[in-house]
Structures are given as structure tokens and as C-alpha cells.
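Residue strings, one per chain:
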Amino acid sequence: MRSQWETVIGLEIHAQLATKSKIFSGASTAYGAEPNTQACAVDLGLPGVLPVLNKEAVRMAVIFGMAVEAHIAPYSVFARKNYFYPDLPKGYQISQMELPIVGIGHLDIDVDGVSKRIGITRAHLEEDAGKSLHENFHGLTGIDLNRAGTPLLEIVSEPEMSSAKEAVAYMRKMHELVRYLGICDGNMQEGSFRCDANVSVRPKGQQEFGTRAEIKNINSFKFVEKAINHEVERQIELIESGGKVVQETRLYDSDKDETRSMRSKEEANDYRYFPDPDLLPVLVDEDFKAQIKAQLPELPQAKKQRFKDSYALDEENATILTSSRQLGDYFETVVKESACSAKICANWVTGDLLAALNKANLEITDSPVSHERLAGLLTRISDDTISGKIAKQVFEEMWQSTATADQIIEAKGLKQITDTGAIEAIIDKIIADNLDQVEQYRSGKDKVFGFFVGQVMKEMQGKANPGEVNKMLKEKLK
Amino acid sequence: MYNKTIAELARGLRSGEFSSVDLTLAFLDRIKQHHSLNAYITVTEEQALQSAKAADLRLATGNAELLTGIPMAQKDIFCTEGIKTSCGSKMLDNFIAPYNATVVDKFNSAGAVMLGKLNMDEFAMGSSNETSYYGAVKNPWDTHTVPGGSSGGSAAAVAARLAACATGTDTGGSIRQPAALCGITGLKPTYGRVSRYGMIAYASSLDQGGPMTRNAEDAAIMLQTMAGFDDKDSTSVDLPVPDYRAGLSNSLEGLKIGLPKEFFGEGLNSDVAATLEAAINEYRKLGATVTEVSMPSLKLAIPAYYVIAPAECSANLSRFDGVRFGYRCENPADLADLYTRSRGEGFGKEVKRRILMGTYALSAGYYDAYYIKAQKIRRLISEDFKRALSEVDVMMGPVTPSTAFGIGEKIDNPIEMYLSDIYTIAINLAGVPAMSVPAGFAQGLPVGLQIIGNYFAEDRLLNIAHQYQQVTDWHTQTPKGFE
Chain E
1 MRSQWETVIG
11 LEIHAQLATK
21 SKIFSGASTA
31 YGAEPNTQAC
41 AVDLGLPGVL
51 PVLNKEAVRM
61 AVIFGMAVEA
71 HIAPYSVFAR
81 KNYFYPDLPK
91 GYQISQMELP
101 IVGIGHLDID
111 VDGVSKRIGI
121 TRAHLEEDAG
131 KSLHENFHGL
141 TGIDLNRAGT
151 PLLEIVSEPE
161 MSSAKEAVAY
171 MRKMHELVRY
181 LGICDGNMQE
191 GSFRCDANVS
201 VRPKGQQEFG
211 TRAEIKNINS
221 FKFVEKAINH
231 EVERQIELIE
241 SGGKVVQETR
251 LYDSDKDETR
261 SMRSKEEAND
271 YRYFPDPDLL
281 PVLVDEDFKA
291 QIKAQLPELP
301 QAKKQRFKDS
311 YALDEENATI
321 LTSSRQLGDY
331 FETVVKESAC
341 SAKICANWVT
351 GDLLAALNKA
361 NLEITDSPVS
371 HERLAGLLTR
381 ISDDTISGKI
391 AKQVFEEMWQ
401 STATADQIIE
411 AKGLKQITDT
421 GAIEAIIDKI
431 IADNLDQVEQ
441 YRSGKDKVFG
451 FFVGQVMKEM
461 QGKANPGEVN
471 KMLKEKLK
Chain U
1001 MYNKTIAELA
1011 RGLRSGEFSS
1021 VDLTLAFLDR
1031 IKQHHSLNAY
1041 ITVTEEQALQ
1051 SAKAADLRLA
1061 TGNAELLTGI
1071 PMAQKDIFCT
1081 EGIKTSCGSK
1091 MLDNFIAPYN
1101 ATVVDKFNSA
1111 GAVMLGKLNM
1121 DEFAMGSSNE
1131 TSYYGAVKNP
1141 WDTHTVPGGS
1151 SGGSAAAVAA
1161 RLAACATGTD
1171 TGGSIRQPAA
1181 LCGITGLKPT
1191 YGRVSRYGMI
1201 AYASSLDQGG
1211 PMTRNAEDAA
1221 IMLQTMAGFD
1231 DKDSTSVDLP
1241 VPDYRAGLSN
1251 SLEGLKIGLP
1261 KEFFGEGLNS
1271 DVAATLEAAI
1281 NEYRKLGATV
1291 TEVSMPSLKL
1301 AIPAYYVIAP
1311 AECSANLSRF
1321 DGVRFGYRCE
1331 NPADLADLYT
1341 RSRGEGFGKE
1351 VKRRILMGTY
1361 ALSAGYYDAY
1371 YIKAQKIRRL
1381 ISEDFKRALS
1391 EVDVMMGPVT
1401 PSTAFGIGEK
1411 IDNPIEMYLS
1421 DIYTIAINLA
1431 GVPAMSVPAG
1441 FAQGLPVGLQ
1451 IIGNYFAEDR
1461 LLNIAHQYQQ
1471 VTDWHTQTPK
1481 GFE
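First to last, the sequence lines map onto chains E and U. Residues 1 to 478 in my numbering are what the first sequence lists, from first letter to last. Residues 1001 to 1483 in my numbering are what the second sequence lists, from first letter to last.
Since the hints were made in silico from the structure, they are not lab data. All figures in this text were calculated on a predicted structure; none of them were measured in a lab. Hints are supplied without guarantee of correctness; some may be wrong.
[Claimed, not checked] Incomplete in silico selection of chain E near chain U, CB under 8 Å:
| no. | residue |
| --- | --- |
| 1 | Leu53 |
| 2 | Val77 |
| 3 | Arg80 |
| 4 | Asn82 |
| 5 | Pro89 |
| 6 | Lys90 |
| 7 | Tyr92 |
| 8 | Pro277 |
| 9 | Leu279 |
| 10 | Pro281 |
| 11 | Leu283 |
Quick reminder that beta carbons are idealized off the backbone N, C-alpha and C, glycines included.
Isolated chain E, as found in the complex:
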């Protein structure tokens, strides 16, 4: 492929913070209300109103900063970013420019089993704008200011990703992290988590960066990969055919799978940032940081190591189970509540349970099978009441009902038969009915053994303890 080219990618992620009210007003941030019903005088930018900082947004930004081991600024400043747009009520956005609340940090990603550390340049607090509605207004534009003033954390990475794959891995990891921390609901359809990608290419081995293009507003993992790949192709083709990449902002069109120019550097706004005189500097002292540190949940990286160490889980299971706080909690509760080994619990949670949840498009928190019920089921495997195979059948029943594993086992008569007398009688009958096969086995055809196991299990409707059946068959067929 294009082996002589190298791609350089940096991402700016906008995570909507999960505060109840807006960053500078008391209006609700809930999604989906009737247009302009969640916009108060401050959000509308009425004459005379003033912003008051929501402390919860600051707390969440600090939590994030700690989770990516970043420097938390003891003194950060809100600034006005000036531009005119109908959905920007004040004619400026309150953001942070020179002194952001979160400084240099990092996030580790895994791509194809290889770990890579991506630098985080900064993360700053800002308010979201409203929305322009272009449909159903007969040539006019409607403005919905419900979203105006919603708190955003803009997380800027270093240009340290070298493929679309890495960019996706970074975006996914960040998505997991903000949800894990409980500071963002991560809902990408509703725009709670979106990103801009800065993309450039350079000949392999060249030190300085190529000219970059910024691709705006990408709101899915699939699109980030496609948009970057498309943009890389475009830039390489352009350069190889003698052209030059210009610094510009481009928009990704997912329908056509292409990026197109929005505005060039020359057309770019001069935002005339200056400190917002309506707001005091944000002071984060050591006490506040210590308080937040004490409330900080165990972070995914540390939890993954602990799962590997104390539950003897493999890399894959540990990664999956620490991808969300709720999944990890569910798993640990099942381990605690069941008499089963952690390994079997992990296999069940990452296997049958997650498969069923994915199929039904449900989150772990909405699982129809509670951790108590799953633990009850797994306990019956470990005490040999049922086999693993029967357990899958019971699990399916549990998914459809609210019954416990024991109730289902009882009602359906699925209890495993460990009575050696009963098993022996069946084995004797099978041997008597299939003398040819007995002959074959005894003459060295080991494969026929499976035939006998199958016949016994069939006769006993799968309820015989497989270990017992094997042992006795081997004895009788000697």
C-alpha cells in the first residue's frame, strides 16, 4: 500500500458532562425536551444576565484530569470566544483558552495486542451552543437553545496517533473512560460524545508535520475510521499528483463517505479570545483535589491488573470486564454470590450473558438476569446439580422469566442423575443392544467410545453426570 507515507492524527473530543443543570445557569440539561423549554434567561443571552459557574462541572473536569494522570491547574480562566451564529445567543462562547483546567496527561490504548501511550495536551471546560433547525420552517431557520449552555469537556490529544485504527482505539478508550468515571453518558446519537480529527501525512522518516486538515463533528467510531482513511487517501493522492494540502476545516459526509471543505485558514474566524470579566478565575486547591481523589473510583487500568492477579483472568476477559464499571461490579458480585470459580463466572459473563445482552441491545444495568440469579445458576454447575450444557438451557429459560435457576431445574426436571445404579442399568442396556460396536471398540477403535456416551446421554435426556458416565463406560467396556 502507501508504504512511503506516514499518517499523523490528533483528536479533539467533546464530552458532554453529565451534570443536572447547565454550566452557567440552573436550567436542566435533559435531552429531548420541546425546543426552547430548557433555556432560561441566562441561556437566551438576555440583556443584563450573568453566568454563574456550576461547581459540579469543575468537579467532573478534575476527576477526568486525575484519571488521565494530568496536571490539574490550581488557577484556570474562562475566556470569551467571539463569533456570530444564530444558535450562539451571546455572540460569544464561554470557553477556556490560555489557562485550561486540565493540563498534560495521557491515555494508554491497545491496538492488535500492542500498548501505546497517547499524550493528552489539555482538557478544558466550555459551554455548548444551541441548534439550528432547518426543516419545517418554510425557508426560515428555527433556533432551539435547549442545548445552549450544556457543559462540555474538550479533550485535546497530542498528534500521536498514526492510523485510523489507533484513532478509533483512542476514541473508544476515552469513551469507556468518561462513562466509567460517570462524568458523561457517552450517548453518541444524542451528541454527548463527538470528535474532531486533525489529520496530516508526511513522507516516512520526515520530522516535521505535513499540513493538516481538521475534520469536524464525527459522532461514531465507524465514521471516525472511515473519515480518517478517506482523508489520508485524499491527501496522499493530492500530494502525489503534484498538489498541496491546504490548512482547512473539512466536514465528513457519512452518506457519501467523503470529506469536503468547510472553510480555509484564510476564512477562519479571528475569535478574539479574552478573559471573561463576568467570571472569576477557577481555583482548585489541594483540599479539593484530595477530596476528589478520595472519591475517585478504581480506574480501569488498575482494576484490570487486579482482575488478572486476584481472579487469574486472562487478558481478554480482564479487558472486557473492566470496560465499564457496572460490568466489573456485576462480575465481582457474581463471584462473591456464587460458589463457582472466578474463571467460570468470567466466562459466563463475557460469554452467554454479554452475547444475550448484545443481541437484545441492552446494557448490563438493564440485564433481565440479575447477578443473584446468575450466581444461583453457576452454583448449580459447581455443585454438579447440572452440567454446563444443561446450564445453557436453564440460562435461556431465566432470560425469558423471573424464575431462579433452582425453580427451573426443579420444574423441568433437569437435575443431573448421579445415581450410579440408574446409570449402570442404562449402560448395560446400551451395551447389550449394540454388540457390534462393543466389538469394534474392543478391537481398538477408540472413536466408538463417543457413540456410547451419546447413546447413554440420549437415553437419560442429558441429565446424567458426564464424568460418571465416562468412568463407568470405560469400566464396562474393558
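For this one, chain E is given, so just place chain U on it according to the hints.
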């Protein structure tokens, strides 16, 4: 009865000499009679009479405050729910505020009677009240001269007894300068002492509301109601509000007054200088000692102010875009046309001039040279004030270089107009409180004495002004034709 102070009116209301309705009717009558002064943009006759009736009931229960039943007026920069709040601009000629400014709420709950909304320079940008969309206000002392600005309507209304008292706002002298030119008492509090919520912003880091009254005691009464922390204004200061009347009678024996030598140099009208010298002599008689102080950075105040204030205003006024409220041009062709014509037609010349200056100062490549440098100067000026006020208790000087100038005299010369605020602007940059107190007359027009104090020393300023008013009668003078 309209010729009385708040304190006297409050006594009259309690003794039954007159009711709040009587008072309100009398003031409403005077407002009509002196309509030609153009002090009011909106007169809220009906609401005023309703409030007066409510105030009379409250007075009867004995549960009244000093301001209960007192007819006053609000500068039209304070948002008043259900009432037009124009800020002196065509841009907001159709704007009915849906909420009250904190200051307005406070006067309402004190039971004050609002007579109406007072004329002002457009968006508080001006020193003569001539930039108002509603036309110039006339100075009651000489109707050919300006009342000063931007709180010109407030100053004229109080001087002509068209309200017992009024609110004003001061970004670079907008309370003190018109108070001086109209012969009334005006106080610009420490930045952060009075909530700015609902006060339409001109330059957020400098704007401060304050009282405009007949004397210092009235200013103390008004400030008592206006001052205090507001959780809706992050820049308001959470400090206890002292009893501003408690110390009015304190002796001035041993008071150390500093005269900044930069205030008495070239440019100060000699008659004004002589009047001020006489006033300062009164203070000597009251036991004060007078020394000269120096504030070397003062000469940089006007250039620094005319970077910082326009920079902030250029962003503050962006919300007036014709989209959600206020003036919108006819038949806009597209978005750019909607913006340019709504703003082009809705704003006056001076407002546009300052938006342009501010936009320029904040632009890429100029920011460091203008905005950052101006902020450095601002810090130097604050240091000057802190140092000087550690040597003396208060500083005194002129409010304006001359008495009221003629209507039309300076309006076409912005630089000359800006220079008329030379003695007031530095105080806003430093954030300290200052007063203008009537100190005599020069060529028949009032002269104001400026008293500058330390941060949150409003009580001290009021005491110093009050003691002077006990031995002088400049503040009781009424312009001819308004007795």
C-alpha cells in the same frame, strides 16, 4: 414636599403629613410639567400609583422600611419586568424585560415607588447624554448645557426634583460626572459591592451601580438597599454590608486628605480649581490635614480605559444581533444581511465606534499590544491607589475639568469628550469607591468635589461627605424654575 430628602420624606410619611400616593402624584405631576428636560424615557404612572397604595398600607402596619413609599426612578439600564428597558438605544426600543435586575428587586421589596425609567447615553456610552436614542437630556441649571452622562437622566431628575432619588451606573464616571454637573450627590461603590445582575453590561469589569441623591445621608439610605452579595453575580463580593448611616456623624478630626497633584495640573478650569480649594478649606476647618500625593500612572488611565472598556463592550453587545430580541431590520436577505443591518441600524454612532475600537484591540496580532498592555497599566494604576491610600485616608480632587458644557459642543469631537472623564476613569480601573459632592458654583453652574476612598470604605466616604454637608448648603440649592 418634593423638595425634601429621603430622610425627611420618610418622616413625613410616618407623621401623616402626606401619603405615598400624595407624594407620587406630586412627582408625576412635576415629571409632566418638566417634560422638556427629557429626563425620563418611560413614566410608569399606573404601576407607581399601585406601589404607592401598597406602600401606604405597609406604612400603616408599621412594618415599613426607610424607602417604603419614596418615589424614585431607575436608570433605564436596569431590567424591569414587564416594562420597557431600552438602555437608551433604538436596539432595545421594543424590549420589555422579562425579569427584574437584582437592584430593582431590592427597591421593590423595600417598598420604594418606581416613577419610571430614566434617560441615559446609549448603552451607557457617553459623557453628555447626547448619544441617547431618545434625545439629549437638559441640565436643569442651564437647559442649554448637558447634564453629563451616561446617567444624565438620573442626575437631571434628582436636581429638578422629578424623583426623590435615582439609581445610576458608573463605568468611567457615569454617576459622578453627571452628579457634579447637576449639583447632586452621587456615589460609585467599590466594584463588586452592588450586584450587576440585570444591569445591562457595558464594560463588565468596570460597571457598578450606585445611588444618585440630594445628599450623603440619602445616598447612605439608598446604598443600604442596593449593596450586598448576589449569588447571580459571580463578581459581587460576599462581605457584610455595614450600617451606612451609623457613622455619618463621626468627627473628621485628624482625617488625612491627600490631593493627587496630577488632578490639579493643566486642563483644570481655574474657577473650578478655586471652588475646590474653598471646599478643601472647609475640611481643614473640620479638623482634617491635607497633603499632596502622587499617582504617576494616572496619565495612562484614559488610553487604558479606552482599550479595556471597548474590548469588553465589543463582546457584551454581540448579543444584540436581531435574532432573539430587540431591533431587527426589515426583510433581511440572508443571515449576514440580518446581522449587519440590524446592528448597523439599531446602534448609534458612539456605540459603533466603541465596538469597532474594542474589536480592533482584541484582534489577532494586536491583542498583546493593546489589551494585555492596558491590563498591565490597570494593575499599575491600582498599585498607585493602594499606595496613596495607605498614606492618607481619602483623596480629594475635581470630578470634571470644567462645569457643564453646551449641548452640541463636544459631540462631534470624541477625544475631547473622552477627556472630560479624565478624573473619574482611573477610579473604575482601580475599583475603589468614590463620590461626587456639590461643592459650589463656577459661572453659575455646579461644581462637584470628588472624594476617593479605599476598597469597601463607602461608610467612611459617606461620613466625610455628610460632615461637609452639615457646614455647607450647596447640596440644598435648587435650580431656578424648579424650586
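Quiz item: Honestly, which of those hints from before does the structure not fit?
Solution: 2, 10, 11
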